[in-house]
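Visitor: So the protein sequences, as listed, match chains A and B.
In the working numbering, each residue's number is its place in the first sequence (first place is 1) plus 489.
In the working numbering, each residue's number is its place in the second sequence (first place is 1) plus 489.
Derived from the structure by calculation, the hints contain no laboratory data.
Every value quoted in this text rests on a predicted model; they were computed, and no experiment measured them.
Treat the hints with caution; some may be incorrect.
Repeated chains share a single entry, so a pair holds when one copy, or any two copies, can fit it.
[What the hints assert, rightly or not] Straight-line distance between alpha carbons at most 30 Å, and here's what the computed DSS-like set of lysine-lysine pairs gives:
#, residue 1, residue 2
1, Lys640, Lys496
2, Lys640, Lys540
3, Lys559, Lys540
4, Lys496, Lys559
5, Lys849, Lys730
2 protein chains.
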Amino acid sequence: MRTRPLKVALLGCGVVGSEVARIMTTHADDLAARIGAPVELAGVAVRRPGKVREGVPAELVTTDATALVKRGDIDVVVEVIGGIEPARTLITTAFEHGASVVSANKALLAQDGAALHAAAEVHGKDLYYEAAVAGAIPLIRPLRESLAGDKVNRVLGIVNGTTNFILDKMDTTGAGYQEALDEATALGYAEADPTADVEGFDAAAKAAILAGIAFHTRVRLDDVHREGMTEVTAADFASAKQMGRTIKLLAICERAEDGGSVTARVHPAMIPLTHPLASVRGAYNAVFVESDAAGQLMFYGPGAGGSPTASAVLGDLVAVCRNRLSGTTGPGESAYAALPVSPMGDVVTRYHISLDVADKPGVLAQVATVFAEHGVSIDTVRQQGKDGEASLVIVTHRASDAALGGTVEALRKLDTVRGVASIMRVEGE
Amino acid sequence: MRTRPLKVALLGCGVVGSEVARIMTTHADDLAARIGAPVELAGVAVRRPGKVREGVPAELVTTDATALVKRGDIDVVVEVIGGIEPARTLITTAFEHGASVVSANKALLAQDGAALHAAAEVHGKDLYYEAAVAGAIPLIRPLRESLAGDKVNRVLGIVNGTTNFILDKMDTTGAGYQEALDEATALGYAEADPTADVEGFDAAAKAAILAGIAFHTRVRLDDVHREGMTEVTAADFASAKQMGRTIKLLAICERAEDGGSVTARVHPAMIPLTHPLASVRGAYNAVFVESDAAGQLMFYGPGAGGSPTASAVLGDLVAVCRNRLSGTTGPGESAYAALPVSPMGDVVTRYHISLDVADKPGVLAQVATVFAEHGVSIDTVRQQGKDGEASLVIVTHRASDAALGGTVEALRKLDTVRGVASIMRVEGE
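Just chain A, same shape as in the assembly:
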């Protein structure tokens, strides 16, 4: 084993960073054995130097992250600051000064992944980011390496723990959205401002990263169709249950059936209770992958938290250090397929539509005609009377989002349709 240590600069020492520093110290011998050389924490860049950080020697702490990555003797920069800047500039500066980078920054990778990969390649360095998607769950490495000889057609996942906690709570207790959100906030599963989670921004960033890796193409954050889950109601869950389904906020990346384009989207969807994703509880994440040869795979685990995210960061750190010792780099961005990203209107799936309608003869015939005129085929209809009004729950066969949109627009114009109570996509069947 080489005795001269590899030097690691840690950018950020919050929940994840402090755990990375702790494990680097407590598991130093194990890490050295796995890498083939010891690793040394050479510096820790923080914003607030005064804060006591257990296990991090005070002399390593600096507020000058730029000077740290420019030192020239750093082998690997671990970026766990998050956000776009200064993380982006620090990472490119790290490459310019000879370091490889391990990052947990999903927002940055989703927005500027292509440019960062290009910078890594120009300088012959590694950029690893297993921790950016689904925390500790090994997902990027399996997609990028284990399935490298296969053809992935679909990635369907629960990639946000906060929203899964809320939806699971609504499902199991019958609570409404606000009540479930309040509990998530009280328990620390949701942030004071939950927008990034509940509006699907966090999941959309992960979808962009996953779609790019799964399909060997470039998918930008703007390419991802995004709908949040704040409008999911207790009534939606009741309606789902009657059909043997539940509701999850899903990130869905698909290759079109003709193989010539891809789509990426985040929205609440009904899935059958028998689907492996239906039993993913609490704040857990799980990602379902369908490929030509492997068939259906699922990866399950904690999607966030200091320790799980640190585990993913350290796995990458070991790989990057090993590459460095052997003078090579791991697989970089693989975008050779260069497939276009189709708009949401082209997505083909099934729909669960609840309508409030007048309770008189001929309404179902009227409604069914509108579906038929738009080329949307109906699978099942449930009709329920309540107080002079009636509700119709319709589940369609597969149709394009555009066709469904046209159908709903026409339904709203019918006198007999008092309102469209909810529209939800049905996935995983």
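Using the hints, position chain B against chain A.
Guide: Just chain B now, with coordinates in the frame of chain A:
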């Protein structure tokens, strides 16, 4: 991209091999893009040359596997023959003649993994075998690389699809073992001689491989305690259900609580219905991994079959080809921890014991005394009368296998105990 192709020799062209050959042809462009150079099938060694193999050019087929691996221009040998010989000699010959190896051979890896890894290292070549455990499910790479900075404490998995199919059938239909086995055989899930599956030999080989990788130590096939599932009855399932559990054949690899030793075992066990492994149906496999930092992860997918296994082989092939192009090798055997493997008697777990006892006062007191004398603490007791006899179902707290064995021996000597109907371990709680 390099234009000179990497040359691949395929040993074996059965269900898996023919699928590997097919994907190498149909996905040639994709593979070339992912590797950075084209790959060419340079020869296919088979036992029966006369058989028509669709998609495999006749001029590539040979019965002389030894000559093929000795050619000297082969970059990667893909071994999908199975069994110990001639696979073992062919693999070492391949290393000696400059090739790296991708293998799907669990029996060989479990028995001679250490020697094969040593041969690979001497010659500076790769030995990859993702397909040897749980088919297409990425498991070896996540354990070896993604969790390389973490400390794995436990691996708990369903790693044999045949036995899971049989147990699932017994669970859902109430069928007995023989009836469920007959159906598995009729549907092609069980072989004519199902011994390797139902007696746990196949799972034990996988447990040895997994334990070695998870704990960075060497675990031989003989170190794995093995019990088959032929004695699991419909009554066991009924008893499990009453307690909110089901029965699975599990491979369990554990690090002792003091960290100083490991154990590996295969046996039927009861697990709670709420455990993620409980909902693994049919011939699917799933492996649950517990580590210090990542927490609980699960990997799920098809555990066998031509296409899924070929997917894993091709993922390895891409990695090995990439390593070869960059003049490096991937992580080899990691056995630095050199932990001893403890005997089954040292394993600590919970037990579910069904006793047929005389239906008279004082029996429970007698039985409870025996447990206490052996230091085995009782968690719950259920007593049921039937036709003058009674049955006692006892679930214990955690105790060593040795202590439980002593308890059962003493119970058998009690006049009031007519018989020990079943003993099953309880896991995953």
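Visitor: So which hints don't hold here, by number, going up?
Guide: none
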